[in-house]
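Based on these hints, arrange chain P on the given structure of chain F.
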Amino acid sequence: NAGVTQTPKFQVLKTGQSMTLQCAQDMNHEYMSWYRQDPGMGLRLIHYSVGAGITDQGEVPNGYNVSRSTTEDFPLRLLSAAPSQTSVYFCASSYRGSSGNTIYFGEGSWLTVV
Amino acid sequence: QQQVKQSPQSLIVQKGGISIINCAYENTAFDYFPWYQQFPGKGPALLIAIRPDVSEKKEGRFTISFNKSAKQFSLHIMDSQPGDSATYFCAASKFDNDMRFGAGTRLTVKP
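Protein sequences appear in the order of chains F and P.
No gaps in the numbering here: position 69 of the first sequence is 69 in this note's numbering, and each next residue is one more.
To get this note's numbering, take the position in the second sequence, counting from 1, and add 1000.
Each hint should be verified, as a subset may be incorrect.
[Said to hold, decoys possible] Listed below are the simulated BS3-like cross-link pairs for lysine-lysine, each with C-alpha atoms no more than 30 Å apart in a straight line:
#1 LYS1042(P) / LYS14(F)
#2 LYS1005(P) / LYS1071(P)
#3 LYS1005(P) / LYS1042(P)
#4 LYS1068(P) / LYS1005(P)
#5 LYS1071(P) / LYS1057(P)
#6 LYS9(F) / LYS1042(P)
[Stated by the list, open to error] If you want the ones that stay clear, here's a sample from chain F, every Cβ over 10 Å from chain P, calculated:
#7 THR15
#8 ILE54
#9 SER84
[Stated by the list, open to error] Listed next, the stretches of chain F that the computed footprint assigns to chain P, with coverage defined by at least 3 CB atoms under 8 Å from CB atoms of chain P:
#10 60–72
#11 92–102
Derived by calculation from the structure, the hints in this document are not laboratory data.
Where is the CB? At the ideal position from N, CA and C, for every residue including glycine.
Bound-form chain F, shown alone (with noise of 0.2 Å):
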């Protein structure tokens, strides 16, 4: 069982280049969503969907797209690469038990834009 699957673990980018992370999971969640790390400051959402068809933004939105045509794959665009968006990228699942949102992560994306 792979769980959440990331791609690629990791890139350069110049500024004003567009790229896509790629992220897929085979846990048939409904939930995604994509987070960024920086150092102090935890992980910060920038995107989610609740279903194929339906995205929205988190806590740090600008500058990154999203779309989600199938439950499995939720990737993140990258529209013209700025050196702030330099991080951690990580995607995850989550789905809604008894007790709460148990959230599965990917292993993470490691991004500089120089």
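Structure of chain P alone, referenced to chain F:
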């Protein structure tokens, strides 16, 4: 504005000691409080979680203490081991999947 404030930023504990990490939240609508553990190069993984209807939850060496009136909760790691060295995140959410994370605590357990 961070909705969940976590302290300390880093913590060094001797093997066998008790590690304590504290978090405070502002939004009284939060009703689920998990802790995540993250090892270098990996994504965070759920460690333990609590709902506000209980004041304490214990799973092995890990205990969450919850103080609803003070809007605070903490993670206690008893008999800390070098394998516990990781970054720990507290978090809080309403029952709608919008999870807010603390800034993280880097724990080092010295042998």
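Task: Broken hints, by number - done: 10
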